[in-house]
Structures are given as C-alpha cells and as structure tokens.
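Colleague: Here the protein sequences come in this chain order: A and B. Residue numbering for the first sequence is 2 to 544, as defined by this note's numbering. Residue numbering for the second sequence is 2 to 544, as defined by this note's numbering.
Fair warning: there could be bad hints in the mix.
Put simply, identical chains are the same to the list, so a pair is met inside one copy or across any two.
What the hints assert, rightly or not - Capping the alpha-carbon separation at 25 Å, the derived lysine-lysine pairs in BS3-like fashion look like this:
| id | residue 1 | residue 2 |
| --- | --- | --- |
| 1 | 159 | 274 |
| 2 | 159 | 43 |
| 3 | 117 | 34 |
| 4 | 159 | 123 |
| 5 | 123 | 444 |
| 6 | 159 | 34 |
| 7 | 132 | 159 |
| 8 | 117 | 43 |
I should point out that these hints are in silico values taken from the structure, not numbers from a laboratory.
Number of protein chains: 2
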Amino acid sequence: MPSSSDNASQHSLSDSNAIIQALDSGKNKRARKLLARMHPGKIAALLERLDTEQRLRLWQQIGPEVEERTLHHLSPSLRAQLAGDSAEASITASDEPDNSNTSQLEAVRQALTQGKLKRLGKLLHRMHPAKVAGLLEAMPPAERNRAWSMVETERAGKVLTYLHDEIRTALALELDPEDLIAATAQLELDDRVDLIQALPAKLGNQLLHASSTAQRQQLESMLSYPEDSAGGLMNADPIQVRADVQAGAVLRYLRLLERLPPQTDLLMVVDRKGHYQGALRLSELVTAELDQRVSELMHHDIAGIVVTTNSNEVAQLFQDHDLLSAPVVDEHNRLLGRITVDDVIDLIRENSDRALMHMAGLDDEADIFAPVLVSARRRALWLGINLITAFGAAWVIGLFQATLEQLVALAVLMPIVASMGGIAGSQTLTLVIRGLALGQVQKGNIRILLNRELGISILNGILWSVVIALLAVAWFGNWGIGAVLGAAILLNLLCATLSGWGIPLLLHRMGIDPALAGSVILTTVTDVIGFFAFLGLATLLLL
Amino acid sequence: MPSSSDNASQHSLSDSNAIIQALDSGKNKRARKLLARMHPGKIAALLERLDTEQRLRLWQQIGPEVEERTLHHLSPSLRAQLAGDSAEASITASDEPDNSNTSQLEAVRQALTQGKLKRLGKLLHRMHPAKVAGLLEAMPPAERNRAWSMVETERAGKVLTYLHDEIRTALALELDPEDLIAATAQLELDDRVDLIQALPAKLGNQLLHASSTAQRQQLESMLSYPEDSAGGLMNADPIQVRADVQAGAVLRYLRLLERLPPQTDLLMVVDRKGHYQGALRLSELVTAELDQRVSELMHHDIAGIVVTTNSNEVAQLFQDHDLLSAPVVDEHNRLLGRITVDDVIDLIRENSDRALMHMAGLDDEADIFAPVLVSARRRALWLGINLITAFGAAWVIGLFQATLEQLVALAVLMPIVASMGGIAGSQTLTLVIRGLALGQVQKGNIRILLNRELGISILNGILWSVVIALLAVAWFGNWGIGAVLGAAILLNLLCATLSGWGIPLLLHRMGIDPALAGSVILTTVTDVIGFFAFLGLATLLLL
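Bound conformation, chain A alone (with noise of 0.2 Å):
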C-alpha cells in the first residue's frame, strides 16, 4: 500500500479504489491519509464519479485545508450541495455543549447517527483528549469505533491512555500498525509501556521496536518489571544534578534544557556512579541563593523507593507524604527514574473502583458496552457460582420438609432470617475489607474488632429478634413461633458476624481477593445457618 509521493498520479486509480475500500470498511483513519497525499482535482473527479451516498461519506473525510481548493474543481450543482453540508458542519456559538441542556454524548452521537463525520471530528478536537476518552467509554462499541475513526491520528495516542483497559486495547487494534505508532510517538515512556503490556505480544514488538535505540532500550527495562510495582509506574525521565554545583548553575544548566519533563516538581541528586543523594525541590532551588550548593538545599528525607516495591504501598507514601513525584531506585540505591502523582492518582482510582465492582462480582476494567454475549459469559459465571449457595441452603431446607409441611408459617418467615444475617454480615464485611485495604485493620488488632462486632451484634440481634417476634406472634398468634424465629435471627446474627469478620481476613491470608469472593460465602454461611437454625429449632421445639 505504501507508494512515494512521486509517482503518485499512477497510482491515483488504485488509490480511489483504496479510499472505497477504507470508507467502507470503516477506515476513515486510512481514508483521511491516502486522501491527504491526492490532488484537490483528483478528489474532485472522484467525488463526481461516486453516488450520492458514497459522495458524502467522502467529503466528510476532506479536511478543511483543501476543502475550499476541492470544491473549486466541482460541477457547480455538486458544490452547492457539498458547501452546504460543511456550512452545516461548523460549531456556532449555540452549539457549545458545556452549558447547554445536550450533552456532549448527544451531540457526537447525533452527528454520528445523521452521518455528519466532520462535524463529529470538530466536536471531538474541541475536546481534552480525557473528555474524549470518557465520550468513546460511554458508547456502543458499533459508534465507538466510528467516532474513533474521526479522532486525528497525532491525538489518539493521548486518548488511548485515559481509557479502560479493555476498550483501550479494542481500538489500539482497530488501528492500523503504523497509525498506532504515530499515534503513541509522542507519549511519555510511562503510558506506552502501558499501552504495549496491553497489546497483544506481535504488535507490542512492533511497537517497542519503532523506538528509537535509546527510548527502545529504556522501554524494554520498564517492561521488565511487574505492572504492579514501582518500575510498573516508573518513567525513567528524572533530571540529575550533582550535590557540589551551586544553585545558580543548577538554574543555568536548566535553562540549556529548555524543557523540563511534565510534571517535574524535583531535581534529583546523583553521585559519580548514579546512586541516589537525595531531591532537591524546584520551588527551593528558585528561593535559594545562587551561590548555595545544592547539598546544602537538598532533601536527604524524601527516601528513593525501591523498584520491586509494590504499588499500593507507593499509593500510599505518595498520600502520607503528600508527594507530586518520587524517585526511583535499584537495589544498590542507584536512581532508575521517577514516578509521578498523575500516575498514582490513577491508582487510587482503580483501587478503589475495584472494590466495589469486585464486590458484585464485576470486572472493573471491562467495557460496559462490550458485546451482549462476552458480557453475558462474563456474568453467568457469577450467577453460577451462587446458584451453588443458593441450592445449599435449599437443600438445607428440604431436609426439613416434614416439618414446613406440619407447620407452613416456617415457610412465610424463614427468609426474614436468612435476609437480618445476610445485611448484619455484609456490613461486617465491608467494614473489614476496607479496614483492610485502609491498613486500619491488622493483625494487633483484629480481635478488638471481633469483640466489637459481636458486641454490635449482640445488641442489635436482641432488639430485632425480640421485635420480630412480637410481630410474628401478632402474624400467626403462635408464642412458639415467635420464640424460635427470635432465637434463630440472634444466633444467625452472631455467625454473620464471625463470619463477615474471618472470611475477608481469611481471604486476605491467603492472597485472594477479599471483595471478589468475600460476599458469596458469606451468603452462603448467612443463608445456611438461618434456615438451619430457624427450623431446626422449630423442628426440637415446636412438634
């Protein structure tokens, strides 16, 4: 497909019937490029020679430089026509989606429905690139990859990088390979290492080996280690100064450079052999005096983190300590790089996002729109799993099947007793999954909290218990019921409790995910035990 612009006029045929081809196919991306390098006339005799049809999509896909030059070369009732509908794309005043009642999402996708693609690409390169991630998140994925065929190529690598994983890795793919790397050639290390861990292995090589030498050697260090640990969140991009320079010459040698990497709040310092000093703040170093050294205003406390340390742990030092950015270090203390807070807040984010949708057994980088039948899959596995503690606590049931027979109010009130233990439980629960995660809970003082809980629950379990008997005795005018169901509800209370309580840190004990499988066996424990003790009781006390 490549062709050097010289001879390009002899492959003006094939590239009309290339630009057909990617219109069709939804490649806008590529349209726009072989459109680029064509003569304002050629697209002129090209569009004369479409249908009406496959006239407009091409003319959504001319850019406003040879727009005007193209329409020059059109048969006036055609140029009329096509005038028109650009007028019709421009954005006036009343168009400005940010105060207006339409959302932006309205808008793009109005103009993707009546097919108004060049409306729809100046919509979008009005937008931050985060807007535009957050628009694309938002769409079915048949829109989605329409819409991102109308964001330019130089701006996609940028948007690429505030997506989910899942709908970030769909439309790097939709892209053609060399789209792809022009698109994340201007990316900071730290996002491309992301983007490349999200690819498949073919095209991530590709990628990495676009790289000049240099980046390419930096890249492939930063890929070596886990996703989840400093290097994981590393940019290798620190400024180094020495600790016997003056502040003054640190100021200079800043200047020759022009441009400081984004986000650069400290300078670190370096010895001969590239072990790490200390840091030395930008807004000290413009205070200082220009004769101080920087050893005298450097910071000896701001410690470099180890590369392997793990991720949360550098969330939270970034949090204790209120850092912008932090350097890096190996194991010999020699700096590697930095990391910045853009790239922690993310993980704040995730982490907690993560709890939640892990919680109700989601995927929290899934996309919403994602394919009726993958999410479909994704969900039944869920719903399997708890139709396994669903038919345990009806089996638990049916073993006493001769005793709701013989007294049929059990069946009218024994979900009232699974339902108390399930909402006890699950607030148990949550309370020490985020204790957890907030390193409120730990091991020194895991019992007070039990004690506590069961405390709470002990109070509660005798004030419901005892209302929810009278209610039941009022229901069914029946003391015994009242008095089992009331037994039961305190006891499967307490187990709630126990177990809201032991499951997460069990879990956690073991390296699983408490959020993911913590509820479904505490729903199943919770479930088990109320029916278990409410009619067995029964079954002892009142046959």
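Assemble chain B onto chain A, guided by the hints.
Modeller: Quick look at chain B alone, frame taken from chain A:
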C-alpha cells in the same frame, strides 16, 4: 490555672496537685506543660512524695532535657530505679518496627499496656504524622486517647489533618483549647478550615479568633464556601505575578520570598485589579531565557476554576488534565486562591470509599472503633429498614400459604428465585452506580445500556432457568415444579435488571445517593417479585 513564671515557686504546691490531677485524668499533655515550668529539684521532691504507681506515671512524662537533672536530685535508690526505666524506653536498632514482624501497631499497643509512655512517645516521634494518624485510627478509643496524649503538641495539628472526621473531632476535643490553638497554628489554611468545620461551633470560633487578623479574614472567606465546592478545597496562598515582567525579575522576586507555599508548581498571572490571566509553570520559568516576558511564557489554557464549582468536577478536572494545582477565581474572574492535588487525592479516595461503604449502609467517616452502643445504634437503623423489606417478602409468601401447604417443595425452592434475582440485579445496580460516578452513564446512553443489560439477563436467564429447572425436576421428580421455577427465575432476572438499571437513575435524579438506598430497594423488588412470580405461577399451574 495560668501562673506567670515569676511567682512559680509560690505555686509549686498547687502545680504539683494540678500535675497529679492531670495524670489521673489522662491529660498527659497538660502534665507535661506543667512539668516544663517546674525546677528539676521540685520535680524530684514530688517524685519522692508519690506512691510507686503514680511516680512511674509521672516519670513517663518527664522529657529527656530535664531527665538527667531530675535524677540528680533524687535519692540513690529511686535514681537507679527510674534511670533503669528510661534505659528500657530507648529504642534500639532491633526495635525498628518497619522491617520486623511485629507491626508498629503491636509495638505501640504493647508500650501502652505496659505503661511505658516514654517509649511510646519516642516511637510516635519517629513516625510521619500520617502514620501516627493511621495508628490512632487502628486503636480502640481508650488506648487511642492515651497514645494521643503522648503526641507532641507541635505535631498534633498535622496528625489531625490525616484523620477521618469522627476521630478527628474527638481527638481535637481531647486537647485543651490553648493546646489545640498551638497545635494548629502551623497548619495550612485549608487544613485549618477543615478542622474548624469539624469542631463544635464554640471551639471552632475560638480557633478562628486565635488566628492573626489577616489569616482570620482569609479563613472567614474560605469558611463561607460549602465544603464540597472549589472554595472549600481552596488555599489562599497563590504566588501572583504580572504579565509584563521578565522571567529574570520573577526569579529575583521568588528569591526575595525565600520560601514558596508547599506544592507550588504554578505562579498565577494577574492584572492590576487581580483578574486572573493565566498561569506560569515553575518548570517553564526555570528553563526560560531571563529576558522573556511572563506574557510569552504563561499558559492561557489553564482555566481558573470558579469558586462555586462542585468538588467532584474539580476532581475530574485534575484527573483529566493531570494538574498539580489550579487557580480558583470568583464570578468576575478575580483570583481567590488555588487548589492543590493533595486535597484532590483525598477527595477521590473518599468518594470511592463512600460508595463502597454506603452500599452496606455504613458511614465512611465513622470511627470503626466507636463505642459499641454508638455503632449499634447506627447499624440498627439499617437493619430496621431491611426488616421492612424482609417482612414485605414474608407477606407475599403469606398470601400463598394454602399453596405451600399442598406443595412443600415450593418452600424449599423459593429462596433460589429470590437469590438469583438479587445477584443479577446488584450487578446491574453496581454498574450503573459506578457509571454515574465516572460519567460513563449519561442521559445520552441510558437506553442503550438498558437494552444491553436486558439482553444479558435474557441470555443468562434462559441458561440458568433451564439448568435450575432440570435440577429441580431431578430433585423432586416433578416437571411442573421445574417449569414454574424456571419461568419465575427468568421473570425475576428481567425485573431485577430493570430495577438495577432504573432505581439508581431515579435516585440520582432525585438527588439521593444511589449507593446508599439502591441496594435495599433492589432487594425488596427482587424478593417480592421473585416470591410472587414463583408462588403465583405455582398456584395457577400446579394446583
């Protein structure tokens, strides 16, 4: 209680009594303050007079500065005893808790229970205030107060800023008002504002009036904005420069300031009337030529955040634009202050934390070691609400008592229907709650989302209702029961999905937190519909 140091000797007896009183009531901070103005000889005399227990408690509060001199005044036997205690309190290398197996929490609690408060004070002194805050949160209230009394007053203010609301207020109230004022004097204004808002009005006012006039004015203006607005996050300390000066002049000006506020990465460019014009990055100032003007260097696209902007929008801005700090302006674009990323991180963490806790009906700012009675009362409410839904479900079952009497297998199987519906519904619910928070779910795509979720639940409904029906047939040998069970589950999954989608959207529009109320309402729906569908169909078809 205040006594001038001139006539301190006349007050020494009453001082002694005050010290004993302070010690007895756990007010170690006050005891230390009183001790600080006593002569070592007097302290020694007091020590001699006390019984062993009180003497040891007093000794724990004597600082290292006067320890030597006090020992000198003591009788030999007492000297040996107390010197030995001090030697024990020193922290040796093997005590370093960071890398050892005994956690810091255990070390601190051990020191507490053994009454080695001197050692405790040293342990706490070596920790970062954020770590101290974390440890305090991980302790039951009685221990926490004792540990708190050993935190130096000058560090106590910083520790307070890292605590969750409930504990922060409680510990601030533990301090004498004058100590609280001293402790918070060094805090940044935004942290002081947070604290004043958390305190009872009277104490908050005292804190406010203890500030210098200039600070008080700033504090008062900051207090006038709601906590969840840009104004509530704002600090009133931006460095301001004019657009027409040269980079060299700005650098000279900064050198005169000697110290920039923490987390300064931007200088704010304002005109003579204080209107915000743009921002100058420190990292670009240091790389600029000295004769370049600020107007050439500054960024016009770093927009001022209007002071009334909702804090969630502020957080989104920081995340999307990778900001470290941002200017805050009034409605006339006059610069009021700036927001720094450390406060935004706290906000992001709290927000995600809140959703998780609210879904279990818990308060994310509450002390997990609050007195049992307090916690029990809070959770009782949630159990009570749940009880209403549980009785609703029981009432539905009650309608079908006659059916259940004839076919007790229904009672065995009915929890399965409710449970499957609950799981499927809570998946959709969580997805929508999180999508609303992230902006993935908006007016423009809620219908698509519903279609997808319904599609998923139809697929899974068919799959699992067939599986469950076959299992039920195998169990009870009755095709009718299987058919009714399957149909009820399919129906309940569909209703659960519809509710999981609709309830949070409705609550969101009504301004109610969908995480807090959503799951209770959803469970009610899935229970009621599940039981009704199953028993209703059985009554119609099987009897």
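Colleague: All the hints need checking, so say for each whether the structure fits it.
Modeller: Hints and how they fare:
Taking the shortest alpha-carbon separations for residue 159 and residue 274, neither the intra-copy value of 35 Å nor the inter-copy value of 37 Å comes in at or below 25 Å. Taking identical chains as interchangeable, the C-alpha atoms of residue 159 and residue 43 are never at most 25 Å apart, the minima being 33 Å within one chain and 70 Å between chains. Proximity of residue 117 and residue 34 under a CA criterion of 25 Å is satisfied intra-copy only: 19 Å inside one chain copy versus 75 Å between copies. For a Cα distance limit of 25 Å, the shortest separation of residue 159 from residue 123 inside one copy, 17 Å, qualifies, whereas the shortest one across copies, 49 Å, does not.
For the identical chains of this complex, residue 123 and residue 444 are inter-copy neighbours only, at 22 Å across copies versus 57 Å inside a copy, given an alpha-carbon limit of 25 Å. Proximity of residue 159 and residue 34 under a CA criterion of 25 Å is satisfied intra-copy only: 19 Å inside one chain copy versus 57 Å between copies. Proximity of residue 132 and residue 159 under a CA criterion of 25 Å is satisfied intra-copy only: 11 Å inside one chain copy versus 36 Å between copies. Taking identical chains as interchangeable, the C-alpha atoms of residue 117 and residue 43 lie at most 25 Å apart only when both belong to the same chain, with a minimum of 23 Å there against 89 Å between chains.
Hints 1 and 2 from the list above are not met by this structure, while the remaining hints are.
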